[in-house]
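Chain order of the listed sequences is A and B.
In this text, residue positions in the first sequence follow our numbering: the first is 1, and each later residue adds one.
In this text, residue positions in the second sequence follow our numbering: the first is 1, and each later residue adds one.
Some hints could be false.
Pairwise CB distance ranges, derived in the manner of DEER restraints [as the list claims (entries may be wrong)]:
id : chain 1 : residue 1 : chain 2 : residue 2 : range
1  : A       : P324      : B       : T48       : 36 to 44 angstroms
2  : A       : A40       : B       : A40       : 36 to 44 angstroms
3  : B       : H33       : A       : G143      : 38 to 46 angstroms
4  : B       : R43       : A       : D341      : 44 to 52 angstroms
5  : B       : R36       : A       : D210      : 34 to 42 angstroms
6  : A       : A117      : B       : R36       : 25 to 33 angstroms
7  : B       : A40       : A       : G312      : 18 to 26 angstroms
Note that these hints are calculated values from the structure, not bench results.
For clarity, every value in this text was computed on a predicted model and none was experimentally measured.
Each residue gets a CB set at the ideal place from its N, CA and C atoms; glycine is no exception.
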Amino acid sequence: MVPITDYVLKVASRCNLACDYCYVYTMADQSWRSRPVLIAPETALTAARRIAEHAAEHRQPVTTVVLHGGEPLLAGVGLLDEIASILRRELGGVTGLDLRIQTNGVLLDESFRDLFARHDMRVGVSLDGGQAQHDLHRFLPNGQGSHAAVVRAIRLLDRANYAGLLCVVDVDSDPVQTYEALLALDPPIVDFLLPHGNWSAPPPRRAAGDPRTPYADWLIAVFDRWYGVRSQETNVRLFQEIINLVLGGRSRTEQVGASPVAYLVIDTDGSYQQDDSLKSARAGEPETGLTVFGHPVDEVLRHPAVAARQQGIGALAGECQRCPLVRVCGGGDYPHRFREDTGFGNPSVYCPDLQRLIRHIAARVRADVLAGAGR
Amino acid sequence: MDDSAAAPESDLVDLTGLLLEALPSLGDAPLAHSIRRVLAESRSTTGTVVSGFESNI
Numbered sequence: 001m002v003p004i005t006d007y008v009l010k011v012a013s014r015c016n017l018a019c020d021y022c023y024v025y026t027m028a029d030q031s032w033r034s035r036p037v038l039i040a041p042e043t044a045l046t047a048a049r050r051i052a053e054h055a056a057e058h059r060q061p062v063t064t065v066v067l068h069g070g071e072p073l074l075a076g077v078g079l080l081d082e083i084a085s086i087l088r089r090e091l092g093g094v095t096g097l098d099l100r101i102q103t104n105g106v107l108l109d110e111s112f113r114d115l116f117a118r119h120d121m122r123v124g125v126s127l128d129g130g131q132a133q134h135d136l137h138r139f140l141p142n143g144q145g146s147h148a149a150v151v152r153a154i155r156l157l158d159r160a161n162y163a164g165l166l167c168v169v170d171v172d173s174d175p176v177q178t179y180e181a182l183l184a185l186d187p188p189i190v191d192f193l194l195p196h197g198n199w200s201a202p203p204p205r206r207a208a209g210d211p212r213t214p215y216a217d218w219l220i221a222v223f224d225r226w227y228g229v230r231s232q233e234t235n236v237r238l239f240q241e242i243i244n245l246v247l248g249g250r251s252r253t254e255q256v257g258a259s260p261v262a263y264l265v266i267d268t269d270g271s272y273q274q275d276d277s278l279k280s281a282r283a284g285e286p287e288t289g290l291t292v293f294g295h296p297v298d299e300v301l302r303h304p305a306v307a308a309r310q311q312g313i314g315a316l317a318g319e320c321q322r323c324p325l326v327r328v329c330g331g332g333d334y335p336h337r338f339r340e341d342t343g344f345g346n347p348s349v350y351c352p353d354l355q356r357l358i359r360h361i362a363a364r365v366r367a368d369v370l371a372g373a374g375r
Numbered sequence: 001m002d003d004s005a006a007a008p009e010s011d012l013v014d015l016t017g018l019l020l021e022a023l024p025s026l027g028d029a030p031l032a033h034s035i036r037r038v039l040a041e042s043r044s045t046t047g048t049v050v051s052g053f054e055s056n057i
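Construct all of the structure, not just a fragment, from the sequences and the given hints.
In structure tokens:
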């Protein structure tokens with residue numbers, strides 16, 4: 001049993017955008033409809049005490065809490081200030097607090113910027129590239145694009161609070177243009193997320209079992225642009241994680257690798273959930289039936305579904321376990337393995353893409369390491 | 001410290017004795033950052049490396 005080190009604290013269950021690929025609102029699970037719109041301060045306090053209790057029990061030097069949604073800025077400056085203060089007070093002297101927030105940026109103004117600075121909060125922003133590309137998927141309920149507001153928000157952020165950019169891959173976009181549009185905003189780190197889908201509800205352009213690799217093709221174009229510079233322009237999390245695995249290291253993200261999952265989601269009603277993105281697979285899939293009001297975090301760790309995701313390669317499908325790339329791929333992101341009839345005991349629906357991307361990166365790294373060593 | 005002893009194993013790239021030799025010629029390139037990380041992790045004694053939530057950065 002690996003202790004939980006990261007918590008995703010849902011402070012708002014609604015969103016001010018209507019992105020067409022959102023796993024919270026547009027896919028299998030619709031539980032957001034019955035959640036409190038905002039987390040109550042007493043729920044946040046109980047959650048903070050559970051987090052502190054677990055950190056103390058396992059003597060954790062640092063605990064990460066990500067304020068998330070929906071759109072977390074819908075909670076407003078006052079409530080976010082109160083939640084951040086609760087977390088600092090309850091975790092202080094027990095564990096270091098790495099406090100983060102992931103936002104679509106639309107509501108971010110000077111008052112939020114000052115709040116982030118006051119609480120030493122690191123801010124991740126979701127941005128899908130240049131204006132035309134971003135506004136194709138990330139728009140307001142009235143259809144108006146959000147790009148201009150997001151870029152203004154990023155420019156407003158203090159550098160010290162700017163964590164980086166999250167971009168969902170659209171294989172119909174130009175990969176290098178997309179990457180360079182992100183790069184223009186000088187992010188400390190970028191990550192490219194595969195759109196959620198599975199064997200029963202495949203992602204765009206990824207028919208189940210089709211040997212073509214549109215996602216690998218797209219990501220390889222970005223990789224070659226990112227990797228082929230003399231001085232690194234930004235970190236790209238997915239690529240760095242794959243390189244790290246190729247070099248024999250371990251992954252810190254679920255997209256690749258087989259490191260034990262050590263995060264929990266706490267929803268606005270205080271319920272503990274597994275990976276939030278399981279909402280893309282099946283209604284109710286992330287639920288544990290446990291809450292901060294009745295259960296310590298250690299009890300959540302004993303939940304069979306949570307425990308299963310800490311078992312690494314041994315818990316993967318047999319086909320994956322026999323694959324020579326398994327230590328790097330790790331079966332891919334958990335929700336992408338789902339099939340209505342067999343559950344999660346399958347390779348990723350992105351298996352051909354992952355294989356091609358990993359082999360491409362491994363070949364480039366191998367060549368450069370050998371050349372660097374003069375062999 | 002014996003750096004070669006700390007070199008991690010990999011299914012895909014045999015790094016035995018190569019990482020530290022490769023590093024100077026790579027300068028500030030992305031691969032150099034990766035090599036520094038894998039070396040640091042291989043020497044680290046602070047617990048298990050774990051997966052975090054991907055929908056935040």
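For each hint, the structure was consulted:
1. P324(A) to T48(B): 36 to 44 angstroms: The hint (36 to 44 angstroms, Cβ to Cβ) is violated, given that P324(A) and T48(B) are roughly 24 angstroms apart.
2. A40(A) to A40(B): 36 to 44 angstroms: Because 41 angstroms falls inside the window, the suggested range holds.
3. H33(B) to G143(A): 38 to 46 angstroms: holds, 41 angstroms
4. R43(B) to D341(A): 44 to 52 angstroms: holds, 46 angstroms
5. R36(B) to D210(A): 34 to 42 angstroms: holds, 38 angstroms
6. A117(A) to R36(B): 25 to 33 angstroms: Once the Cβ atoms are compared, 30 angstroms apart, the range 25 to 33 angstroms for R36(B) and A117(A) holds.
7. A40(B) to G312(A): 18 to 26 angstroms: holds, 22 angstroms
Hint check: a violation occurs at hint 1 only; the rest are consistent with the structure.
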